[in-house]
Amino acid sequence: MPDELLVRLYRVGCGDCIFLRVPDEGGPRHILIDCGNFLGDPVGDLRSAVSNVVELLNDPEIPAAQRGQLDLLVATHQHWDHLKGFEGALEALKGFAIRRIWITIAMKEDHAGAQGLHALQAGIAETVKGLVEERGRAISPLLYAMLVLSLSTGEASRALRQVLSEHNHIEPLYVYRGVEGDLAKKKRASQLLSFGDTSTRLSILAPEKEIDEAYTAPATGLLGELEVHTAGFLEALPEDQRLREPANISASAFRLLRSQLMHTSLLAASQENSVVNNTSVALLLEWRGRRLLFPGDAEHESWKLMWQNARQALSRPLDFLKVSHHGSQNGTPYELGDAGNPINEILDTVLPRGNAGNARAVVSTLAGRIHAPIHPVPFPELMNELAERVSNALAYPSGSGRQPQRTDLEQADWIDVRFAPA
Amino acid sequence: MVEEPAKRRQKVAAERLYMASQYLSRETKKDLGLMLQVPMYVQDPEVARLRENLGIRNIDLDWEPGLADGPTSARVAVVDYNADTGLVAQPARWDEAGRRFLEADDPASFQFHQVNVWAVVQNTLSFFEDPHVMGRPIPWGFDGSRLIVVPHAGNLRNAYYDRSSKSLQLYYFGAAERPVYTCLSHDIISHETGHAVLDGIRPSYNTISSSQTAAFHEFLADLTAILSALRNNDVRGVVAEASGGDLYSDDTIADLAEQFARDEVVAVYGEAQRYYLRTAKNNLTMKEIQGEWEPHECSQVLTGAMFKILSEINKLQLADEPKPSPAEALWRATSHLNRMALRALDYCPPVDIQFIDYARAVLRADELAYPRDSKGYRTIIAQEFTRRGLEELATPAAPSRMDFLWKFTIDQIARSRTAAYSFLHDNRKAMHIPPQHDLTVTDLYYTDKLVEAEKCLPQEIVLEYVWEEDVKLEGPRFGGFQGQSIPLSCGGTLVFDGRGNVLHWSKKPGIEGAEGADKQEGEQRRELMLRYVEALIQAGMLGMAAGEGAAELALGTAAVVARPAQGRLRLEATPHLMHVGMGKGGHDA
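So the sequence lines, in the order shown, correspond to chains A and B. Counting from 1, one number per residue, gives the positions in the first sequence under our numbering. Counting from 1001, one number per residue, gives the positions in the second sequence under our numbering.
This is chain A alone, in the form it adopts within the complex (with noise of 0.2 Å):
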């Protein structure tokens, strides 16, 4: 088996499969980050990258004692893109046996630092119910997506906190930064992925453990924001002046007016989406003197606490990124056209313009599944400042200029990345 650390990137439509093997003292370790993609991109995709993770699990080179295992399988966050296979090729994922089961701590339902979110993502679900169902509202495939369909993973969520758990005689752990400090006090060391060599190390830089407290300000804000402003609305009319149907227009008329308005409500119902994409669990895998990040969709709130509390693990330059969130703008530490924007330095360590010829990044992604005017991924101007910053960038034929690799555009079922030693 070559001495080669592998990173391969499943096309599987707007969704992230990857699957890491780590050569390490008495075999290779495999990881497998998610395993999920978009609505309306089929599920067969992921069966099919899964088969293949069973074929590499598998590989008449791996010692005997440690083929058809799973080291480590990783949910990052709460998002359909990044679950639904949990669910749809749940059988293919009973082919071999998982070692560990990570899960991000806001999924964890008795936590106490997520019930504000918690609580925010039921109350919008219900905002969202209501709206569909008292004023006739139907919701946009991408909004539908986006809400009703990541707040009801529970199937996928099942599965991984209950049927592959128990298929596999484990316990799921919920992490976060710090959580192996707290693990050794309590004697679960084995929880937590150790290698023998000792220069290679995973470490967890997000989320936060008190996730209200670190990322949910935003969406809560907005609401009250609308809800300040609903208050201010109503002053202005005076209470005899407020009806409730207008004698102007039929009531058929007024039933389609009212499901067609703008909701400001659903705007706070988007800032949930970030919210959750902040929860990401993010891996920094260090690897005889290579560096991986994987941030699942982590956004810019995700990153800034990442800077300033996990600031030694981002200090130094990447061999390697999986961009965050599909390649949308707001996934990656970086303001465009804002060149004195502090959030900007983290991704100048990262990945510094100068030092393009020692990293790579690939991006996980389909155009034309998340659009304005939530954000349009990928961003294309990101994609071309990103290529600036890596080896692998090229010029898809499909033109949009120079972009890091990306898993919808290569002619490929995967993308594969492999490192020597450093």
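Some hints here could point you the wrong way.
What the simulated footprint calls covered on chain A by chain B, stretch by stretch (three residues with Cβ under 8 Å from a Cβ of chain B suffice, anywhere in the stretch; the number is not a length) [said to hold, decoys possible]:
1. 234-247
2. 253-259
3. 355-369
4. 376-390
Label-pair distances were calculated between CB atoms; the ranges are [what the hints assert, rightly or not]:
5. A:Pro238 - B:Lys1323: 52 to 60 Å
6. A:Asp240 - B:Arg1157: 26 to 34 Å
7. A:Arg242 - B:Ile1056: 24 to 32 Å
8. B:Gly1244 - A:Gly40: 41 to 49 Å
9. A:Arg242 - B:Gly1055: 24 to 32 Å
10. A:Arg242 - B:Pro1005: 36 to 44 Å
11. B:Glu1523 - A:Glu410: 28 to 36 Å
12. B:Arg1526 - A:Leu234: 47 to 55 Å
13. B:Pro1005 - A:Ser250: 32 to 40 Å
Here are some of the chain A residues that sit facing chain B, going by a computed Cβ distance under 8 Å [as the list claims (entries may be wrong)]:
14. Gly40
15. Val43
16. Leu192
17. His229
18. Thr230
19. Ser400
20. Leu409
21. Asp413
These are computed hints drawn from the structure, not numbers from a lab. Being a predicted model, the structure only gives us computed values, none of them experimental. We treat Cβ as the ideally placed atom computed from N, Cα and C, and that holds for glycine.
With chain A fixed as given, assemble chain B onto it according to the hints.
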């Protein structure tokens, strides 16, 4: 209840006058009580803040039978529903005896807001329908005849025309104690009304074909805002006075949506003397917008060109002998511009309009209204379009009357879409329409246009026809839409005089069954469309439409949506593409 004889006589007299009103001048109608005096902001509230005499003015609108609370008229119904609160505000009440809307005197009241927004929409629509402009009733682009206008739709920094709910939606934003109401901005309301009017005149411009077609909608909406504001005597007087003959020296008209832009501009640049969302005072050329897909950005080339043409015509008018007053000169210049810039719409193709098609249509509209061009306006127009990069201004040759087979007379054709279809079918060869494609006659109408001194132009008959061809989206560049088919819209607009002579022909050829130059043009159009669709996908502007009865305005709906229809995807602009425009706007410190 028995009506008193005097009242009854008065009512009968009013109805008779109303029936004669199309033959009466505005002044006569005013004298006879056929006009209403309605209060409204004649310009943006930010302009009103700076210029006292451009605040709320009583404007004259046509009286019509059946005016009602809301306000509600034949074509417009104001419904003051707020999506955030779920409440409807009490409508302004109509007092038929006093011929006025009640409770609308206090500018802070919601009833004034309702009357204001109604008056601007009504005024803009009547501006288009005026015999000096389009000279015909303008339909809306949806099934039904009444546009719903929502003055306080909710808390959002935007305004939309939404075909699917037959409505204009005006939102409010800013500090809760001092919100900015978009329903008070003449520019924003007339801009959105411009979208609604163009959607009625050319509904297929909503089908996505190229960045210029989307941009054309924005251009026409901005042009509507500028020209409809200039319809007001006070506004014209102030602009004529302040500009001293050079329209570039004053910002009142050229700058759009000043108050809307203000907060954002202040936040980004600090307090300034001047704020605007967009300005017609620009020198953008086609070269500079190459590769740009954002319609508001692209639209500025045409807006800038038309403003420049207005300014040049104004200068020529001022130099006329005997010398007119600045206000009189501006009146003549704007009247002339209305006649060519808006009438040009009748000479535009039914689908896939490009800026060059519009430029040709403007020149043709002017030529038909003023065959002699004694003042050389057409040279000015052509020079300006050329300067902007619109160079091939000659309209391609149209077939002659003698080339056609005439089973029906032109009158019979003008009265029946089926007869019009039959005419087109019989003349497919002359019209370059491939034999295998079924055709739809999308519009058919007469015009009754006037020029100065109420002189009639010869009546015109406008016939529009459309067909569609399939284009496949092949390759990963189309992302999640790979493998789907979309239509290439093809067709033409034929303008006849009363004897069947072709006055203008604007065509959009396809590929299948086309030959020679047509085929080449069809292929170019397909390539342009594919590049645009790819750009939309890669820029994240294209998404799937929601299902039946779905909310086009729901957050998460893309600027352009793909809607499955007849085995392919129809790409349509949503209100997210045709809103008043986001962005920071501009400023002068």
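Results of checking the hints against the structure:
| no. | hint | in the structure |
| --- | --- | --- |
| 1 | 234-247 | holds (count 11) |
| 2 | 253-259 | holds (count 6) |
| 3 | 355-369 | holds (count 4) |
| 4 | 376-390 | holds (count 5) |
| 5 | A:Pro238 - B:Lys1323: 52 to 60 Å | holds (55 Å) |
| 6 | A:Asp240 - B:Arg1157: 26 to 34 Å | holds (30 Å) |
| 7 | A:Arg242 - B:Ile1056: 24 to 32 Å | holds (26 Å) |
| 8 | B:Gly1244 - A:Gly40: 41 to 49 Å | violated (60 Å) |
| 9 | A:Arg242 - B:Gly1055: 24 to 32 Å | holds (29 Å) |
| 10 | A:Arg242 - B:Pro1005: 36 to 44 Å | holds (42 Å) |
| 11 | B:Glu1523 - A:Glu410: 28 to 36 Å | holds (30 Å) |
| 12 | B:Arg1526 - A:Leu234: 47 to 55 Å | holds (53 Å) |
| 13 | B:Pro1005 - A:Ser250: 32 to 40 Å | holds (36 Å) |
| 14 | Gly40 | holds (6 Å) |
| 15 | Val43 | violated (15 Å) |
| 16 | Leu192 | violated (38 Å) |
| 17 | His229 | holds (4 Å) |
| 18 | Thr230 | holds (5 Å) |
| 19 | Ser400 | holds (5 Å) |
| 20 | Leu409 | holds (5 Å) |
| 21 | Asp413 | violated (13 Å) |
The structure is inconsistent with the numbered hints 8, 15, 16, 21, although it conforms to all the rest.
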